[in-house]
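Quick mapping for you: the protein sequence lines, in order, are chains A and B. As numbered in my numbering, residues 1083 to 1679 make up the first sequence, in order. As numbered in my numbering, residues 1083 to 1679 make up the second sequence, in order.
It cannot be assumed that every hint is accurate.
[What the hints assert, rightly or not] Output of the computed footprint for chain B on chain A, the stretches with three or more beta carbons under 8 angstroms from beta carbons of chain B:
| id | segment |
| --- | --- |
| 1 | 1380 to 1388 |
| 2 | 1510 to 1517 |
| 3 | 1520 to 1527 |
| 4 | 1531 to 1540 |
| 5 | 1632 to 1644 |
[To be verified] Which chain B residues stay away from chain A? Per the calculated CB distances, all over 12 angstroms, these:
| id | residue |
| --- | --- |
| 6 | Ser-1094 |
| 7 | Phe-1101 |
| 8 | Ala-1124 |
| 9 | Glu-1128 |
| 10 | Ala-1130 |
| 11 | Asp-1167 |
| 12 | Ala-1239 |
| 13 | Leu-1326 |
| 14 | Tyr-1359 |
| 15 | Glu-1363 |
| 16 | Asp-1467 |
| 17 | Thr-1477 |
| 18 | Glu-1510 |
| 19 | Val-1592 |
| 20 | Asp-1607 |
| 21 | Leu-1643 |
[Stated by the list, open to error] Pair ranges (Cβ atoms, derived):
| id | chain 1 | residue 1 | chain 2 | residue 2 | range |
| --- | --- | --- | --- | --- | --- |
| 22 | A | His-1252 | B | Gly-1547 | 31 to 41 angstroms |
| 23 | B | Glu-1556 | A | Gly-1635 | 41 to 51 angstroms |
| 24 | A | Ala-1124 | B | Arg-1540 | 49 to 59 angstroms |
| 25 | B | Gln-1127 | A | Phe-1372 | 23 to 33 angstroms |
Derived from the structure by calculation, the hints contain no laboratory data. For each residue, glycine too, the CB sits at the ideal point set by N, CA and C.
Protein chains: 2
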Amino acid sequence: MADYRVPLKDMSFLLFDVFKADDMWAQLPKLAESVDKETAEAILQECAKIAEQEIAPISQQGHETGVSFENGNVSTAPGFKAAFDTYVAGGWTALGGDPEYGGMGMPKILTAQHEEMLCSADISFTLYPVLTAGAALSLAKHGSEELKQRYLTRMYAGDWSASMCLTEAHAGSDLGIIRTKAVPQDDGSYSITGSKIFITGGEHDLTDNIIHLVLAKLPDAPAGPRGISLFLVPKFNVNNDESLGERNKVSCGSIEHKMGINASATCVMNFDGAQGYLIGELNKGLTCMFTMMNFERIGVGIQGLGAAVRSYQNALEYAQDRLQGKAAARDKSGLKNTGKEADSIMVHGDVRRMLLNMKALNEGSRALSTYIAMQLDYATYGEGDKQVKGEALATLMTPLAKAFFTDLGFENTVTGQQVFGGHGFIREWGQEQLVRDARITQIYEGTNGIQAMDLLVRKVAGSNGKLMQVFIDEMRTFTQEHQSTEMQEFIAPLTTAVDELIALTDFLLVRSQDNINELGSAANDYLHVFGYTAMAFIWAKMAAVALDKQASGDNFYQSKLKTARYYFIRLLPRRISLIAAARSGCEVLFDFEDELF
Amino acid sequence: MADYRVPLKDMSFLLFDVFKADDMWAQLPKLAESVDKETAEAILQECAKIAEQEIAPISQQGHETGVSFENGNVSTAPGFKAAFDTYVAGGWTALGGDPEYGGMGMPKILTAQHEEMLCSADISFTLYPVLTAGAALSLAKHGSEELKQRYLTRMYAGDWSASMCLTEAHAGSDLGIIRTKAVPQDDGSYSITGSKIFITGGEHDLTDNIIHLVLAKLPDAPAGPRGISLFLVPKFNVNNDESLGERNKVSCGSIEHKMGINASATCVMNFDGAQGYLIGELNKGLTCMFTMMNFERIGVGIQGLGAAVRSYQNALEYAQDRLQGKAAARDKSGLKNTGKEADSIMVHGDVRRMLLNMKALNEGSRALSTYIAMQLDYATYGEGDKQVKGEALATLMTPLAKAFFTDLGFENTVTGQQVFGGHGFIREWGQEQLVRDARITQIYEGTNGIQAMDLLVRKVAGSNGKLMQVFIDEMRTFTQEHQSTEMQEFIAPLTTAVDELIALTDFLLVRSQDNINELGSAANDYLHVFGYTAMAFIWAKMAAVALDKQASGDNFYQSKLKTARYYFIRLLPRRISLIAAARSGCEVLFDFEDELF
């Protein structure tokens, strides 16, 4: 496997050339205190070191060894504890945290880059800190001052990690039917009883304590999702002097054996009258959880991207080194037959297609996720119109980020494996791990089918197109402002794509008035039409900057321009078939009796 | 995991209703001796029993245990030896073999169904007998009478298995640069020295002897592919009384640890002056090997299908059982909200989309592979025009079968895993094994990129469109003969698809006159355009039969008709985007300097 190299130049290009993050930070008082360009670049460079030097090297061993389970205890793979300690010592667990409780207050646009690096290095490792960060976000927003002082500070410090306990054996996508019970106690705490499955990091040996955020229902709670509350359940109770007290009545019953992310502990967690503390209001647990979920969903999108970036780097190195076959005799490209026994496989059009697909989709995903992260920052730290617009775009695009980047991420890891031929299937070369690790990102934190429904049903149709209009306006403004001749190769197809996205949206909203199943039936295709169109917008934005900068002579901008061109010519057309499918109606799906399957 | 159930009714529908295999057999003298409808149905039923009852039950254990390697010996997973013995005792190793040497002489159209069943049950297990069958085909066609009497008879009997030793560490897709040497000996045999990698079934404990077919070069052989010869190298030399003699100088150096097909031994095989026997003529080894390769490539296509069929059965059972969420309140489809806590996930449009994608692509692949197998039978057993046409179609469509069915097979196993949500990622549910096993089918026996080049460069362009015209004529004849009103929903889009395939072919042939890289750059997209169009033809053929038979009231025909409709409306449009990519030119791929990647 190639050594992982963080794409720092691309990250810096996005932050400061394309999205002018430094200008945004200067304008938002809370962020102006925490971060400027110099700080951000130093953070990215330091984080790159830890990803490249501490985490990437333990990944393959983690894949081979996995986690082990004995007597309720989980042991992580060799090197994980040491790497985690180094990570904590560097202060990385505090990166995005609230400064009032010891966090560094860094914006999402920056922590998104941090997450990508970690995930390229190793998704399994990354899950331990990012789930903690997600739980911290929920706790910071909804927890009482007492809970925050006691737990949040320690989570930011990296002393304790966290887990999210949502799923039960019979209730995954449908949390409304969970059965875990919370019974109020005289001291104001709750007694939590029930069993949760698929709990990432539910038990492990990296931290002294694990703080579980648990969805449960009071005995008299309303049925369905409106009866769910959120509780904090520590593995060890915490004494008033902040030392660890006795073990709470929560334990790990077993761990799952999975297709991938072998080094991440996926636990069955049993609560047997465990002491828990309410977070937020009773019966508003889903709201509290969604604070975390939206954060996590963008993060999961970035996980898919991270694996794909690593796969591209490996595939590129392999393609350059591997000698097999010869360049075509009539080749006019300048990639001449070298006269050697064999040429590098880079001479073959289909190998170039695979590599450029990966490059264009990865860089497009990074740019689009950075854009969405920026909207989250406006939503969180902005004021007035900018806040409203950021909130709208972040709300709209969260399911897109999760599903689109993970679908592309998985596709790209498979493509990167294919470049290796037979060696891609062999474990020691590392490409198969990336495929296996990336696969889960399409499934967890809400399957991509659920995300597609969330986008089309809840966000687009649910706002009667209003949220969508915000993004359409954004793209329209951009195309109107970039009508130069040299931008036409991007602006013309982008304009068509935007027009057709609007037409498709209108078509589906009208059709769904007559039959609500039109939405669910079209949702997956719609999400991808939206994704390729949004990515065209973001590639056009990058192309505009690269055109401005190309006179510098830096190859980086030439590469950006040519990759943008590749995206528009080779990849944007994918939306055409997807539109045809999305418009084909739900009859063909629903006029199909169960006994005919 | 659901119990595997062989789709016998669909196989019978294809053989006898759609393709009238019994009529073909009656017309071809060699086949008329071996097989008729009654025999064929008995064979399918018996084979279904062994697939369902003997092979499917050992699959998961094989995935978990894998094969083990110690002191040069390979031990297969628990149950494999017993299942293999049962398989041999049933005479299945002789099924497609030449009757002169103990084979049963069954046609490919029938053995293709047999292969699908085996692969749905377990690909790893299946590789042991199907590679032997492939080697037997090469030996039967090119081997001397002495070699056939000594080895072929024992391979058909199931006493001995075979391996194919092609790849070397530096030479996979490019066999012209292999280094394994064959030095002529005084007794007419050859001394073989070299190291081969990725040798499936190179060593194992299922049979007493293993017959390796090995590509090697004589010291004075011409450079490149024209200097390759094929040799038979037994693991144990065979005495004149047919008993096993001393161990030959061939040994297994190690086995690979892979992403999937864990129970199949993938070996490094070292030849250290091993005694070998020439098969066919000197320096014509690739020709001999391609006899086997064409057979294997269709078989590999069927492997992808086999895994996908199993995944569909599992996903359907899961979807029917899993209660999660509720049917839409405004649902007009009759899939009413049951009023229970949750409905089956079959009520969701996106779940139905996933299941119907799998069903339509699996049944389409089975039908198209059966059609191609029939062409191979005409090529092998036919005479005159029918033989010529069969040969042309089999030659043209072999790379299509390999790449298209495995790409769809992998897609479908991933889709089937997605239906399971989180459980799809957990090993015990079985869906992740199918994904991991199916993945290799896109890689081995020539990567799908190589197949795409073979189709477009060698077959389509190499015959200057003549081979393609044979298939176009076949589709044109069909559309002209099926102009009834009720067939229009299939014939109209099929006609468009055929017209556009012709136009794309012409476009690429003309463009490639100017720049040969146009072919390689478009090859992958072209193969899929061809595949979806050919599958539309085959779905229209099935629909025509189903329309004739629907009055019978059998749900099977209703299901066929509705699935055909689904294919045309939802899946055939995939070709539109692919055409756009295939027409986009090679500049965008080749005007991209190496340092810009």
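Requested in this report: Just pull the numbers of the violated hints for me, sorted ascending.
Outcome: 1, 18, 20, 21, 22, 23, 25
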